[in-house]
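Construct the entire structure; sequences and hints are all you get.
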Amino acid sequence: MTNGEREGAVGPSGRDEPAAGPWNVGDERSNSLGLLVGILGVVIVGYFVVHQFVVGYTSTAIFALSLVALAGWLCSALWRRPAVGVMLPAAAAMILPAALAAAPSDGALIVPAAVGVMRLLTDLRLRVWFGAVAALLAGLLVVIGAIGTDISPTGLLSLEGGIVLGVLGGANRRQAHQAARRQRALVQSTITAREEHARASALQARQSAARDIHDVLAHSLGGLVIQLDAVEALLESGRVDEAATRVTDARALAASGLADARRAVETLREPSRRAGAVAGEEIARTLHDLVDAHRGLGFALEFTETGSPVALDADAAAALRRALQEALSNVRRHAPGQPAGVRVDWGAERVTLQVRNPLPARRASDDVPSGPAVGGGHGLRGMRERFAELGGSSASAGVREDDFVVQVELEVR
Amino acid sequence: MTIAQLADVALGILALAWIIYRQMTWRAISMGRMWKMPLILGAIGVFQLSQMKDLHRLSTLDIGALVVELLVSLGVGALMGAVAVIRPSSRADGQEPDQPAFQSRTGWVGLALWIVMIAVRVGIDVAASSMGSVLATATGVILVMIAANRLARAFVLVTRVQSLAPTTA
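Top to bottom, those sequences are chains L and E. Taking our numbering, the leading residue of the first sequence gets 1, the next gets one more, and so forth. Taking our numbering, the leading residue of the second sequence gets 414, the next gets one more, and so forth.
Quick caveat, the hints were computed from the structure, so don't treat them as lab data. Treat the hints with caution; some may be incorrect.
[Unchecked claim] Computed, partial: chain E to chain L, Cβ under 8 Å: (1) Ile433; (2) Asp475; (3) Ile476; (4) Leu487.
[Unchecked claim] So the derived label-pair ranges between C-beta atoms look like this: (5) E:Gln575 / L:Glu266: 55 to 63 Å; (6) L:Trp79 / E:Ser463: 44 to 52 Å; (7) E:Val459 / L:Trp79: 37 to 45 Å; (8) E:Ala525 / L:Arg127: 17 to 25 Å; (9) L:Val164 / E:Trp448: 53 to 61 Å; (10) L:Ile191 / E:Ala525: 49 to 57 Å; (11) E:Leu427 / L:Ile44: 50 to 58 Å; (12) L:Asn172 / E:Thr415: 52 to 60 Å; (13) L:Gln207 / E:Trp448: 55 to 63 Å; (14) E:Gly425 / L:Leu40: 52 to 60 Å.
Don't be surprised by glycine CBs; every beta carbon is placed ideally from N, CA and C.
Written as structure tokens, this is what we have:
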């Protein structure tokens with residue numbers, strides 16, 4: 001049960017690391033430096049071991065133990081990125097015989113024992129228990145190995161000190177590796193967050209593009225359909241002259257729609273060109289053009305304007321133009337027979353645009369076709385979004401008294 | 414049996430009862446207190462050892478026995494920390510808001526580990542004394558041993574608690 005708890009607790013930080021875990025912390029240079037130090041250590045300790053055996057200082061058993069330890073050390077020094085199945089036996093071969101032979105060999109073999117303990121503690125794939133148990137065993141084996149030798153008390157203490165050094169070094173490196181791994185995880189999550197942010201802003205840009213395209217297409221194509229319906233009706237009743245006038249109007253509408261679409265595409269392509277102010281007269285002229293186009297389609301419209309036009313941001317000017325465009329298309333679609341009222345108030349701080357039309361009297365039983373079905377409710381939503389993005393501005397649409405009213409307010413900055 | 418021996422036996426039984434009680438009840442894991450006790454005990458133990466008259470006569474045997482006892486204490490302490498069951502403290506137990514977030518209980522296994530440690534200690538005591546060790550029976554050694562045991566247990570418990578709740582670390 002406690003085992004299960006530990007598994008759960010340690011799992012995310014320790015065990016499920018891929019095989020390359022702790023090794024990609026250091027760069028190639030420190031790896032080859034480690035290799036050099038390892039081989040140098042094996043050679044120096046190996047020299048002592050052989051020398052002591054040749055002069056008859058150590059027994060054959062101790063010499064054999066020393067060779068096993070040196071083999072383990074060499075193996076773990078040469079083997080880059082060993083699997084746990086290779087690394088554990090190599091470390092065990094390094095630590096246990098070396099600890100046992102440390103005192104009889106006058107301390108030379110405490111080096112591989114300490115290095116082995118350090119390796120075990122450093123490896124993040126292994127839990128810290130492996131290193132701790134190995135260190136305890138090494139400490140005990142050093143004492144057992146000292147039985148029967150004439151090692152001094154200080155000498156024995158020094159040997160144990162070597163193991164302690166291995167433990168401290170291993171713990172230190174383990175923490176460094178853990179910190180490096182956390183750092184990598186942090187970098188990874190930062191990258192993920194950045195990608196998500198980029199995706200979100202791409203989505204926003206797409207929505208804005210969809211809005212612009214809807215506005216342009218709904219307005220000009222919707223107007224065209226109405227004009228062409230009228231042309232068809234006129235031609236059927238043989239009024240060719242009037243039909244020709246209508247066609248000229250339709251052509252003008254199509255041309256202005258095309259220009260509008262070009263402008264929208266251009267703005268989408270170069271968002272920076274949206275910046276900058278647009279002169280009040282220019283804004284007023286575009287509004288008048290829209291009103292004239294509506295009248296040109298044969299609809300009644302009462303236009304009131306108060307104050308004198310003020311300059312607005314390019315975004316705000318576009319929003320205002322699009323709002324009027326959308327409101328007029330809606331009037332044509334939903335209340336074609338009713339006279340619409342458009343009112344623009346140019347204030348010093350706020351510009352208000354109001355489009356109002358009486359609600360059609362008989363909705364359900366209306367046998368007049370409800371006009372081209374371009375839009376489908378996207379227009380008003382797009383308008384609200386556009387004004388919400390501007391800040392300090394608002395757009396609302398709803399029934400007020402007996403009229404349907406679209407009202408937008410823009411802050412002059 | 415003399416009165417002194419009886420008193421010793423009574424003290425021993427009392428100590429055992431105290432240990433059993435401590436192993437069987439839930440104890441709050443208090444980061445501060447867990448480190449303080451072993452450090453104080455260890456300091457007293459080292460001080461007592463340094464006051465010994467025949468310190469210069471210490472043999473390799475003394476050091477060996479000391480090292481082995483120390484390692485066994487550390488190992489048993491770490492095991493105690495490992496087998497301890499940890500549970501979150503519940504507010505329902507009528508605790509203060511600043512109470513430690515976790516409690517632990519070692520249970521019967523912990524008791525057995527205590528007995529193992531005492532047995533190893535007594536065994537080494539007897540063996541080393543018969544071989545002429547002067548250090549083995551010193552009171553300071555016992556204190557250092559207990560300190561090492563508690564230190565290892567505290568270390569393991571803290572590691573486990575931190576991996577359970579990284580935010581409280």
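Each hint, compared with the structure:
1. Ile433: Given a least distance of 20 Å, the restraint on Ile433 (chain E) is violated.
2. Asp475: holds, 7 Å
3. Ile476: holds, 4 Å
4. Leu487: holds, 6 Å
5. E:Gln575 / L:Glu266: 55 to 63 Å: With a Cβ separation near 59 Å, Gln575 (chain E) and Glu266 (chain L) satisfy 55 to 63 Å, so the hint holds.
6. L:Trp79 / E:Ser463: 44 to 52 Å: Check passed, 46 Å falls within 44 to 52 Å.
7. E:Val459 / L:Trp79: 37 to 45 Å: holds, 42 Å
8. E:Ala525 / L:Arg127: 17 to 25 Å: holds, 24 Å
9. L:Val164 / E:Trp448: 53 to 61 Å: Once the Cβ atoms are compared, 19 Å apart, the range 53 to 61 Å for Trp448 (chain E) and Val164 (chain L) is violated.
10. L:Ile191 / E:Ala525: 49 to 57 Å: This hint holds: roughly 51 Å between Cβ atoms.
11. E:Leu427 / L:Ile44: 50 to 58 Å: holds, 57 Å
12. L:Asn172 / E:Thr415: 52 to 60 Å: holds, 54 Å
13. L:Gln207 / E:Trp448: 55 to 63 Å: holds, 58 Å
14. E:Gly425 / L:Leu40: 52 to 60 Å: holds, 55 Å
In summary, the numbered hints that this structure violates are 1 and 9.
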